[in-house]
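Asks: Each chain is listed here by its residues.
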Amino acid sequence: MVITVNGAKTELPEGTSAEELLALRRTEAPKFVSVTVNGSFVRQTERASRLLCEGDRVEILPCYMGG
Amino acid sequence: MAFTDEELERYARHIVLREIGYAGQKKLAAAKVLIVGAGGLGAPAALYLAAAGVGTLGIADDDAVELSNLQRQIIHAAADVGRKKVDSAAEKLRALNPGIEVRTYPARLTAANAAALIAPYDLVLDGTDNFAAKFLINDACVMAKKPYVHAGVLRFEGQVMTVIPGAGPCLRCVFGEPPADGGGLSCGEAGVVGAAVGVIGALQALEAVKLITGAGEPLVGRMLMFDGLSATFRTVELPPRGDGCAVCSERPTVTELTDYALPACARS
Chain A
1 MVITVNGAKT ELPEGTSAEE LLALRRTEAP KFVSVTVNGS FVRQTERASR
51 LLCEGDRVEI LPCYMGG
Chain B
1 MAFTDEELER YARHIVLREI GYAGQKKLAA AKVLIVGAGG LGAPAALYLA
51 AAGVGTLGIA DDDAVELSNL QRQIIHAAAD VGRKKVDSAA EKLRALNPGI
101 EVRTYPARLT AANAAALIAP YDLVLDGTDN FAAKFLINDA CVMAKKPYVH
151 AGVLRFEGQV MTVIPGAGPC LRCVFGEPPA DGGGLSCGEA GVVGAAVGVI
201 GALQALEAVK LITGAGEPLV GRMLMFDGLS ATFRTVELPP RGDGCAVCSE
251 RPTVTELTDY ALPACARS
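Taken in sequence, the protein lines are chains A and B.
Per the working numbering, the very first residue in the first sequence carries number 1; after that it's consecutive.
Per the working numbering, the very first residue in the second sequence carries number 1; after that it's consecutive.
No lab work stands behind these hints: they were computed from the structure.
Derived pair list, reagent style EDC-like, types lysine to aspartate or glutamate, alpha-carbon separation capped at 20 Å:
(1) B:K32 with B:E101
(2) B:K26 with B:E101
(3) B:K26 with B:E6
(4) A:K31 with B:E189
(5) A:K9 with A:E54
(6) B:K84 with B:E66
(7) B:K32 with B:E7
(8) A:K31 with B:E177
(9) B:K84 with B:D62
(10) A:K31 with B:D181
(11) A:K31 with B:D227
(12) B:K146 with B:D122
(13) B:K92 with B:E66
(14) B:K146 with B:E217
(15) A:K9 with B:E237
In this text the structure is predicted, and so the values were computed from the model without any measurement.
Same shape as in the complex, but just chain B:
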């Protein structure tokens, strides 16, 4: 179906781009993206993807909005404190772009529900705040052969990597096993700057737009590292895919999803 005049006006700045154009905007309209976590990363990523006209957006999060979230999770407002994050987020996304479908999942991603949650989507964005969830998303996406965009933040820093199963390294190719001890500081413990996590969430949305439209070069086989204090980006070439990887090699040892029993992280 052709775009209406209103849609042509709404997406005019995309349609004028050589790398996106009318055909790319149709791909965005047909795309289904799941965002796991409606927090510091998910908030800007979801807003940008809704604005970009991604036709179906899924938002999964089992938390409620807390006052300490509002310093960075810009999809939620003061009046939303106490509401489910998915309800608060969906309301803003629908207000921003009534032409898209927003689906909400007020659930935590687990080994039991991950495959079914991911199945209807073309692409997944990791906006979670703990290693257990990050490895679960990695394993579920590798097993389902779904591309996903990894991201993490701490203090003034962050990182982004795009995983296309079969085409480049996955999280386990780069980091091996999940850390047995939980692995480090959460943002609740160490702090994080809202604008820094916003940079990283926006980069995830940009990777999604690129993957959907075919524009440019995705961050496959490279980790983009951002340091807000020095205002620098660094791109690290990653080890090749599958070289003994437990999940994405030719002979994987991880063939079922697991809920990693990592210590509980301070909720952020």
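In isolation and in its complexed conformation, chain A is listed as follows:
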């Protein structure tokens, strides 16, 4: 299936969860992030059960700590 992650089309296996998508990107992404799917916030505790579907628009937004 093809979904959009931060504006870029991304190919993923069917049934990939939000948690698994985060794990795939973990090496490049900061640890503390916000996940929204089609504009709705996905809680940390719901990421494993939130399965992604063809055409979903996912935003992975890091929270930067530094000041």
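Dock chain B against chain A, hints included.
Replies: Leaving out everything else, chain B in the frame of chain A:
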């Protein structure tokens, strides 16, 4: 009271702007802004707001100036190493604009002092360097119904969002709970470029000027993301306010301020 001739000259480039004008400059003069953190974000933000003629500026920080701060915290100078950051910052702000009042708080923001610290101010800028402080500012501002400007930086990147309680999402609407493990790399561990944090601090000051004068559209419901390496900005639409949010929903579960016991961050 009308502006003096000297003030009219000092603020001439604001007064000529259709979006600010004389009336907007009077609003800036009457405004009270609290900047929490006199570091990489607070330094440029405070300088720009003092220059802009914000009538009362509060600066809260419990740190002393260190040599490693000077690579980016441009309000402090070599001779200030070892001084309290609030004293060093206040001296520069008063020198830049003797017509404003600068108040200093040489204290760390805590659950015990946050509400009282914020109360006299119209607007708060988050220039802190750890998630515990960022969530504390969010919760205190939501509870006090004070607008504030969130910001954070890392390496060559940064982000800015304006929170107007009741009008748009807050930090918890976007990120949920504070991270239990401290949440990531501090600038001390990962590094940060002075000019990149300067961009973000300047954007916070710009948001403050807009909120005070009513100019333009504040970054409410949007997160502005800056990537200095690719020289790009991206605006991310945020989830709507209050949808189950622990602090700003109609039935909040967080109703008191808490000092989050996150691991200590490397001081930046």
